[in-house]
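Asks: The chain contents come next:
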Amino acid sequence: MGGVHPPENKFAEKASIEVLPPPKTVFIPLSQHLGVPAVPVVEKGDEVKTGQLIAKGEAFISANIHASVSGKVVKIDLVTDSSGYRKKAIVIQVEGDEWADGIDLDIPLVKECQLGREQIVQKINENGIVGLGGATFPSHVKMMVPTGKKAEYLIINGVECEPCLTADHRLMLEKGEEILAGISIQMKALEVDKAIVGIEANKPDAVEHLKNLAGPYPGISVEALEVKYPQGAEKQLIKSLLGREVPSGKLPIEVGCVVHNVGTSFAVYEAVQKNKPLIERVVTVTGSSLKKPVNLWVRIGTPVIDLIEAAGGLPEDTGKVINGGPMMGKALNDLNVPVTKGTSGILVLTDEQAHRPPEQHCIRCGRCVTVCPMGLEPYLLAILSDKKRLEECEQERLMDCMECGSCLYICPSGRPLLDQMRVGKTRLGKLIRERSG
Amino acid sequence: MNEFFNETTLLSVASLVAIGSVAAVVLYVVAQKFKVIEDPRIDQVEDLLPGANCGGCGLAGCRALAEAIVREERLEGFYCPPGGNQVMQEIAEALGWEAGEQTPMIAVVRCSGSRELSPPKVNYEGAMTCAFAHNLFTGEGGCPYGCLGCGDCMRACQFDAMYMDRQTGLPVILDDKCVACEACVKECPRDIIEMRKKGKKDRRIFVSCINMEKGGVARRNCKVACIGCGKCVKECRFDAIVFENNLAYIDFAKCTLCRKCPPVCPTNAIHELNFPPRKPKAGKEDAPAQA
Numbered sequence: 106m107g108g109v110h111p112p113e114n115k116f117a118e119k120a121s122i123e124v125l126p127p128p129k130t131v132f133i134p135l136s137q138h139l140g141v142p143a144v145p146v147v148e149k150g151d152e153v154k155t156g157q158l159i160a161k162g163e164a165f166i167s168a169n170i171h172a173s174v175s176g177k178v179v180k181i182d183l184v185t186d187s188s189g190y191r192k193k194a195i196v197i198q199v200e201g202d203e204w205a206d207g208i209d210l211d212i213p214l215v216k217e218c219q220l221g222r223e224q225i226v227q228k229i230n231e232n233g234i235v236g237l238g239g240a241t242f243p244s245h246v247k248m249m250v251p252t253g254k255k256a257e258y259l260i261i262n263g264v265e266c267e268p269c270l271t272a273d274h275r276l277m278l279e280k281g282e283e284i285l286a287g288i289s290i291q292m293k294a295l296e297v298d299k300a301i302v303g304i305e306a307n308k309p310d311a312v313e314h315l316k317n318l319a320g321p322y323p324g325i326s327v328e329a330l331e332v333k334y335p336q337g338a339e340k341q342l343i344k345s346l347l348g349r350e351v352p353s354g355k356l357p358i359e360v361g362c363v364v365h366n367v368g369t370s371f372a373v374y375e376a377v378q379k380n381k382p383l384i385e386r387v388v389t390v391t392g393s394s395l396k397k398p399v400n401l402w403v404r405i406g407t408p409v410i411d412l413i414e415a416a417g418g419l420p421e422d423t424g425k426v427i428n429g430g431p432m433m434g435k436a437l438n439d440l441n442v443p444v445t446k447g448t449s450g451i452l453v454l455t456d457e458q459a460h461r462p463p464e465q466h467c468i469r470c471g472r473c474v475t476v477c478p479m480g481l482e483p484y485l486l487a488i489l490s491d492k493k494r495l496e497e498c499e500q501e502r503l504m505d506c507m508e509c510g511s512c513l514y515i516c517p518s519g520r521p522l523l524d525q526m527r528v529g530k531t532r533l534g535k536l537i538r539e540r541s542g
Numbered sequence: 035m036n037e038f039f040n041e042t043t044l045l046s047v048a049s050l051v052a053i054g055s056v057a058a059v060v061l062y063v064v065a066q067k068f069k070v071i072e073d074p075r076i077d078q079v080e081d082l083l084p085g086a087n088c089g090g091c092g093l094a095g096c097r098a099l100a101e102a103i104v105r106e107e108r109l110e111g112f113y114c115p116p117g118g119n120q121v122m123q124e125i126a127e128a129l130g131w132e133a134g135e136q137t138p139m140i141a142v143v144r145c146s147g148s149r150e151l152s153p154p155k156v157n158y159e160g161a162m163t164c165a166f167a168h169n170l171f172t173g174e175g176g177c178p179y180g181c182l183g184c185g186d187c188m189r190a191c192q193f194d195a196m197y198m199d200r201q202t203g204l205p206v207i208l209d210d211k212c213v214a215c216e217a218c219v220k221e222c223p224r225d226i227i228e229m230r231k232k233g234k235k236d237r238r239i240f241v242s243c244i245n246m247e248k249g250g251v252a253r254r255n256c257k258v259a260c261i262g263c264g265k266c267v268k269e270c271r272f273d274a275i276v277f278e279n280n281l282a283y284i285d286f287a288k289c290t291l292c293r294k295c296p297p298v299c300p301t302n303a304i305h306e307l308n309f310p311p312r313k314p315k316a317g318k319e320d321a322p323a324q325a
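Sequences listed follow chains A and B, in order. Just so we're aligned, residue 106 is where the first sequence starts under this note's numbering, counting upward by one. Just so we're aligned, residue 35 is where the second sequence starts under this note's numbering, counting upward by one.
Hint data in this document are derived by calculation from the structure and do not stem from the laboratory. Hints may contain errors.
Okay, the calculated beta carbon distance ranges per label pair [said to hold, decoys possible]: (1) B/D225 to A/G253: 36 to 46 Å; (2) A/W402 to B/P153: 32 to 42 Å; (3) B/D225 to A/L139: 42 to 52 Å.
Here the structure is a predicted model, which means the values were calculated and not measured. Just so it is clear, CB atoms sit at the ideal spot from N, CA and C, and this is done for glycine as well.
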């Protein structure tokens, strides 16, 4: 249902992933995941090695954080994040690159996994793996199927429907074997025998590559999907692959599915087989004005400006730098903010591309209703949110909105539909929490 | 029988009269049986209230306040901010009760981070509502406590007592129109607007900043931020200034409006309103005349 097809602009599609050397100083925020921030276990002045645990996720929905470099902890202080607000972070001065013990840095593929279900989940938890598609939900929580529910399918998201981003695409081409091994580990942990990798048809090389590799893995199939945004969202992906619809306000497990990103599968492989924590990820640095759009292996905590330097420097006519893709990403306030576990891309827009069209009156064309993948009525929800008619918003299922921005993209009058709905969601969420005590 | 008074018309008129009479009797009986006896004083009180339905009393409107006053049989704890002491006195006289005096209040904006003093670092193009901007980022000037300048407070004001100054990007409160209904206080996502004592001759002194960051950090984003130096606390002889979380706060209940603190503030974060101009002192710059 719904969806839009923005220009793909995958400038960095052909650029193979390069390794970005560690910077001089890294800023590692304590809250890089959905849920409770991690609690630091190091102190100012401590020497840390790459991969060493520096903050522990103590709550149920939280994740461990590891040092992405070796060096000295300079301070644990508030550091400006991408919204401009200051959040707690561990600052490490880089000295060499010495890895912690127990991490296997050998490249050869280790296919077989001898560990049991619980051990796998524990490894994922220990190594701080979170969903790398963007939502950064702690992966070990997703791996624990609630009692009374049964997972039937593991769905792997290789859709990468966000325009401009190519990180998952390159990862599938370059680390296909590892991803498949990761998927089979995840299947074992979830006790499912079927896994489907969904990839949009605009990446035929990745579909082909994974199809060829998937032969020896029982139960894993690769499907090419129609190109449509936001197909990479959990519920939309399940609908496209299996035709099942997840009920409003429920999780995919309701229809027997668990969805993970390809990047997460790769991180799971590394965590379980190589004991390597999540300390680096692939980030696409792209934009039509950049000299050299690239895909980079980046250590968590590297300042964004370093990534842009690696892509040929910040062009003079830059109007906006976005953390993420053009549809769901957020504009950065400051280019010194660090890359976190959820950073999938850095998009540089020229001044000409960056501005919103002037806001005009709603002409009741209904395009926002047509494109809404959740079947909502954005024009109405925006008005209701603006007028604080929250009960009506709830009846109109405002909380189902996943903020994909399709309505905002299609609106010919340039109305800030999503902005208003986000305000409404915040207010309604507060109301619902108050009501339930 | 002519063509107007034939059998059909007479019959319909007769049946309508019959139905009407029966319905009238039924309605009369029902109205008598289920009569709601309302205290006539409620209407009396409601008539005395301004009828703005602003919610400043904390209740759903003027009728609700009238009902509450009559139901509780007291005036204590009830106050109509737009009407003020005068209206409360009138209600008290009409009901034959005693009315307590309440200090009149007024809204003050505790941020002076104008475009000039807290220059924009980024350009915001999203929806012009503070509620959204607050969730999204720190604001154009970069201060996470400062005014976002989208004017949610102005839109919440039913009394035209506020306007957004185009030059500074900050809201301005009109002393003669503000009735202290607190609508703007509730609307501001950053709790910048505060209700303070109106003061003698509308004179007020307050710290026009709520930034709790350390001095250096606050100062980086705004030239008139409270940097938490504590000079004003030392200067105050009445213990009216509380110092907490790198921020000074003047307790209006204790402040005697002696005007000692504004000149010592190194960042001019303490504002004095509606005072006569200071006499120039030798060897010292005259005090900032902020308004």
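Asks: Are the hints correct? Go through all of them and say.
Replies: To see whether the hints hold, each was checked on the structure:
1. B/D225 to A/G253: 36 to 46 Å: holds (44 Å)
2. A/W402 to B/P153: 32 to 42 Å: holds (37 Å)
3. B/D225 to A/L139: 42 to 52 Å: At 27 Å between Cβs, range violated.
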